[in-house]
Structures are given as structure tokens and as C-alpha cells.
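Novice: With the hints as constraints, model all of the structure from the sequences given.
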Amino acid sequence: MIKKRRPSFALASVKTMSDKKATEGKQKIDTIRHSLAHIMAAAIQELFPGTKFGIGPVIKNGFYYDFDLKNGLASDDLPKTEAKMREFIKQDIAFKKKLISKKETERIFKNQPYKLELIKEVPGKKVSTYESGKFLDLCLGPHVKSTKEIPPDSFKLTKIAGAYWRGSEKNPMLTRIYGVAFANKKELNNYLRLQTEIEKRNHRKLGTQLDLFSFHEVSPGAAFWHPKGMIIIKELEKWWRQEHEKRGYLETSTPTIVKKELFEQSGHWKHYKENIFTFDVEGQIFVLKPMNCPESTIIYSSKIRSYKDLPLRLSEIGNLYRNELSGVLAGLFRVRQLTMDDAHIYCTPEQIQTEIKNILKFIQEFYRLFKLNPEFKLATRPENYMGDKKLWKKAEKALEFSLKQRKIKYELKPKDGAFYGPKIDVHITDALERSWQIATVQLDFQMPERFQLTYIDQKGRKKRPVIIHRAIFGSFERFIGILLEHYAGALPLWLSPIQIWIIPVGSRHKKYAKTLKEKLSALSIRVETKDTAETVSKKIRDGELQKIPYLLVVGDKEMAKKGVRVREKGKGDIGVMKLNKFLERVRKEIKGKK
RNA sequence: GCCGGGGUAGUUUAGUGGUAAAACACUUUCUUGGUAAGAAAGAGAGCAUGGGUUCGAUUCCCAUCCUCGGCUCCA
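If you use the numbering used here, the first sequence corresponds to residues 1 to 594, in order.
Derived from the structure by calculation, the hints contain no laboratory data. Computed from a predicted structure; not experimentally measured. It is possible that part of the hints are untrue.
[Claimed, not checked] Within a straight-line C-alpha distance of at most 30 Å, the following computed BS3-like cross-link-like pairs (lysine-lysine) qualify: (1) Lys390 to Lys415; (2) Lys393 to Lys371; (3) Lys125 to Lys270.
[Said to hold, decoys possible] Listed next, with one range per pair, are the computed distances between beta-carbon atoms: (4) Lys357 to Arg461: 26 to 32 Å; (5) Lys562 to Asn184: 43 to 49 Å; (6) Lys510 to Asn184: 55 to 61 Å; (7) Glu383 to Ile285: 23 to 29 Å; (8) Glu375 to Pro152: 51 to 57 Å.
For every residue, glycine included, the Cβ atom is placed at its ideal position computed from N, Cα and C.
Specialist: This is the structure:
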């Protein structure tokens, strides 16, 4: 069998070509993908007359096209469409670029409302179009010269999905057909094979297989954590507390049920009402808290604060409840009940830079530990912002400056900030290459105003502090989901729910196995003895499937040497070791969080 | 929420208009084993839920719930 190394998260393809060649190759395949989108539209036009066309761009690994079909589309229409496309490709159809006057274009597309909308927005008097056979589309190109350049066996239509016209839910929903396409059949097959591999690291599947958590109809969007899953949470919490104590954070806990007035005061009620769970108690409306911030400020203002108290870093592992739309729930990645590793830092405006810088450093160290590859995004003032524009500008500058100071590459996300302040979000992609927000750093000048927070400065005057909201894991749920996919279930030793299995070869070794277990357990190592009536091979197999980091096989030889035969996850049998030597190794590995 | 798939033992799946099958897991017995499945026997679901069509529905139709992939959303 093939010995596998512990897989790194990115299953990126190996780059063998030079950068220039790679760029050319990418351009070529993207041209093919784009042309395939047109050919798919042509096939739909022929198979389903009267269809109205949206747009059909190139995306990663393929293409899509949006259609407004009179009668929708059934799943068996995909193979039909695919066959029609191959038919067209065989016919050696040329792609011809045509510049047509706007008026003429409008006449040609008079029954195509979506196209007419696009034509209106084209600057100048002429519109660029491409003709391929009987299908004419608005398009700047480029395209292949002829369909004969397209390998007919290297694409596949993969799925049908609904998508709002121009991405707005106020617009009609169109039917989107996704396809993938590659330079040759081998690459296509590689891609398809990779997809099945990726499916194996889906955290939902691993959750069931490894008995970590489950979801049930009785509570959609909320995880039931099983004992083994709880161990992961507890280990993460333990480490989290330790790291926060080091950095001067003070842990707090605030109530889950709160009167809605608190969230009216914070502004959340106005901006976030649809997502808040509410209930009635003796005629008063209570909410399940969707975030911790307003309650954190209550602790802040529970006494008079001096400049000497600042920065005050209040942390909280808070259970939050958010009424997410049913359609967005996704395993551990998007839940209605989540555990946020939150903190609010109350500081003077002068302290902002240092605090932000330290948080960014904290975040970077944290990601390095898990060998995760984070993407930073700076999100600025949204449409529905609260407060003074000048303060916003200042806050945005502060975040930007800190990012630059830490030499962090980041993407700008205009108008994507929270209503109370700009933020730096940190994203990680899952096995399906979808991007998920994990950590966040948000600068807030509004909440201190709304809650009239103050501190007394050196001269005895009342001043307004600034709040920095931040989370490192984001939520334990999402983070564990990401970790499971990242490690394909084979978590690092310190996080593994079960760290070691002891497998006695025969019944006469059971007693030795038991002594070993007691020794390891005494050192707080999570160990189990597998002394059931099954073969060693069977137990090894089960141990591998359960992703147990170390399997210790003990028989006559090991007993004689007072040792253990070690099988390390991902490496196989690494030989016999004296017990003390093995213990030393394990202790180091756990301590180093390797 | 919207579009499109799907829901059959604990798990993974097969299947049918005449009240359901397998593998693994589980229990028992035999086997006491040396690095990815030793053998046998047994128990276990009435097919997500509610309606409808039918002599008869797990199978066909409708609704609801849950779930998956998209879209929108993510304070």
C-alpha cells in the first residue's frame, strides 16, 4: 500500500511549468471554457426554444451559464445538453467576432430581456458580439477560432443550481448550469478523482465516522457533541485560556437570555432583528444573545474606569444564537447555535495601534500552529453604517496601518464592514475551496457612544474609550469543521480524542497491556486497550480508520524488553521502543502541539 | 428564504405498486491472534412526517420537516 504523509490542507496541483508557460496555458484553457459556455447556450437554445439567456462566464475549473427556461430543467437534461454540445463541437463551428451597432443589437435581441439590459450598459455605439453557428451572444471574447480546438472528452456538466439575475434576490431566479473543462481527458479525470478524494474529508462524514458529533432534525443548525468531539473542544479551550492569560486577557461570562432593550440600545435590533431569536417572559421580550458585545460593555461600566485600567481586555467563550436562513445552514460551518471565542478590548485611541498589532500577531501565531493558510480581508464602511464618517475613516486607516506594519498581504472588501465599524476578517478555505471567515478584528467607535462608556484620564476628565472586538477561532464549531477537513480527520496528537491504542497480541499479553494503560493514563494520556477477541490485523485496521495517532502492539518480545512496538499514524510500523523512550516522544509531541 | 438533488436498520448503500435486502457495527459461541477485515449464529428498519390516488403505497402525486449543492445573506 502507498504510505501517505499527513496531507497538507491545500491539495494544490504540482506546478511543473514555468510561470510564463503556466499563464499561457491558463489563458488557453480559459478561452476553451468560455467558448464551452457559448456552446452550452447554443445547445440549450436548440433543445429548449424560447429560453432567455443571462450570462456565461469562466470560473475556476470551468464555466457556467444562466438561463431562464420556460419549464425549468430536469437532471436528465444535463446528459442531453452535453450530447448536443459534443455534436456541435464535432461540426467544426467557427467563432466569429462581430461589432454591431447598438440599435441593430437591440433589434436582434428584442426577445431577450436580460441581454437588452446588458446592451443598455455598453459604452459607445457598437456592441461586441460572437457568433457560433446559430447562436449569437454579447461578448468581448476571446474565443477559440473553431470548435475543433475544443477536446470533446475533456468537459462535463456538473450541476444545476438556481441563481438570482445579477446576484440580487429582488430579481428573478435563473437556472444556472455549471460545467468543468480541462485541456485533456486525463486532467478532467484527475479533477473528478480529486473530487471524490475531497469528499472523504468532508467534516460531516468524519464527524459520524469518528463519533465526534451529530446533527438531528429536532434542532436544525445545532450540533450534538459526542464525548470524543467534546475532547477536541475542551483541548482547544484549555489552550485558548492559556494563551489569553499570557496576553493579559481577563475571562468573563455574560447571560444568554437578555431583554431586547439592550440590543435596541446597541443598534443591533435595528440592523439585525431578523436574525435574533426572541421569546416572551411575563409580557417582556427577551432574546437569546446573538453576540456578546453589548453585555460586555455592562461589565465595563459596572464601575468607574481609570486610564490606568486600560487597555482592559475582557474575553468570553459565549454561546450565541442566530436565526440563520434555513438554506444557509451547512454542517459545522454555518450553525444557528455557536460558541464564539470573543474578546472586547477597551482602550484609549492612542492604544489602538499596539492592540491591533498584537492581535494580528496572535492570529498569525495561531494559524501557524495549525499550518493553516489564512487570507486577510479589510472590510470598510457599509451602506447602513452608524456614526460619523470621519471616525470611520480614522478607524479604517488604523486597521490598514497595522496590517502594513505586520507586512500582511490583504484584500480590500469595500463596504463590507460591520455597521458599527470597519474590520479585518481572516478567511480559510474548506475542502471544497469555499472561503469561510474564522478570525475577525473589528474597530468600534459607536458602541462606546451608545453605551456612554467612559474612563477618567490623567487630568481627571471623562473620556470615551474605543472598543476592539475580536475572535481568534471565530466559532469553535466552524473552526473544528475546518480543522477536520484540513487534517482529513487525523488531528495532531494533542487534539486527538483518543491518542493511543494498546493492542495485545494474545490473551497472555492482556495483563501487560493493562499495566501499560495505567501508566499512560496516569500521565493524562488518552489511551484505550483493545483486548477484544479480534485479530491484530483487524484492530490495526480499525485504529487506522479511527485515525488513532499511535497504535502500540505488545506481545512476547515487547514484554521481554519492557517495551512497545509503535505504529505511527501516517508512517506505519516504526519499530520497538522502550516504554520510557516512547513516553518521552509522546510528551514532547503533545507539549509542542505538533 | 429562493432554485435543484436527496431522506430505506447505528452506519454505508441496494430494491420494489403485492407490506424490504446486503455489508460493516452490535450480541453470543468458536478461534488467542504479530501490523488494514478469522468463522458461525442471532437480534435490529416497515422505508422522514402528514395527506391523497389505488383492492393494495416504502414505491405514484401533494404538502411539511430535515439534509446536500448553488444563489442571496453572514450584524
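Novice: Would you mind marking each hint as holding or not holding in the structure?
Specialist: Here's how the hints hold up against the structure:
Between Lys390 and Lys415, the direct Cα distance comes to roughly 15 Å. Compliance with the 30 Å bound is thereby established for this hinted pair. Our distance criterion of 30 Å between C-alpha atoms is broken by Lys393 and Lys371, whose separation comes to about 34 Å. Restraint check for Lys125 and Lys270: the C-alpha separation of about 46 Å exceeds 30 Å, so the hint is violated. Taken as a hint, the range 26 to 32 Å holds for the pair Lys357 and Arg461, whose Cβ atoms sit roughly 27 Å apart.
Checked against the hint of 43 to 49 Å, the C-beta distance between Lys562 and Asn184 comes to roughly 58 Å, which is inconsistent with it. In this structure the hint that Lys510 and Asn184 lie 55 to 61 Å apart at CB holds, the actual value being about 57 Å. Checked against the hint of 23 to 29 Å, the C-beta distance between Glu383 and Ile285 comes to roughly 28 Å, which is consistent with it. A hinted range of 51 to 57 Å for the beta carbons of Glu375 and Pro152 is inconsistent with their spacing of about 37 Å.
Hints 2, 3, 5, 8, counting from the list given before, are not met by this structure.
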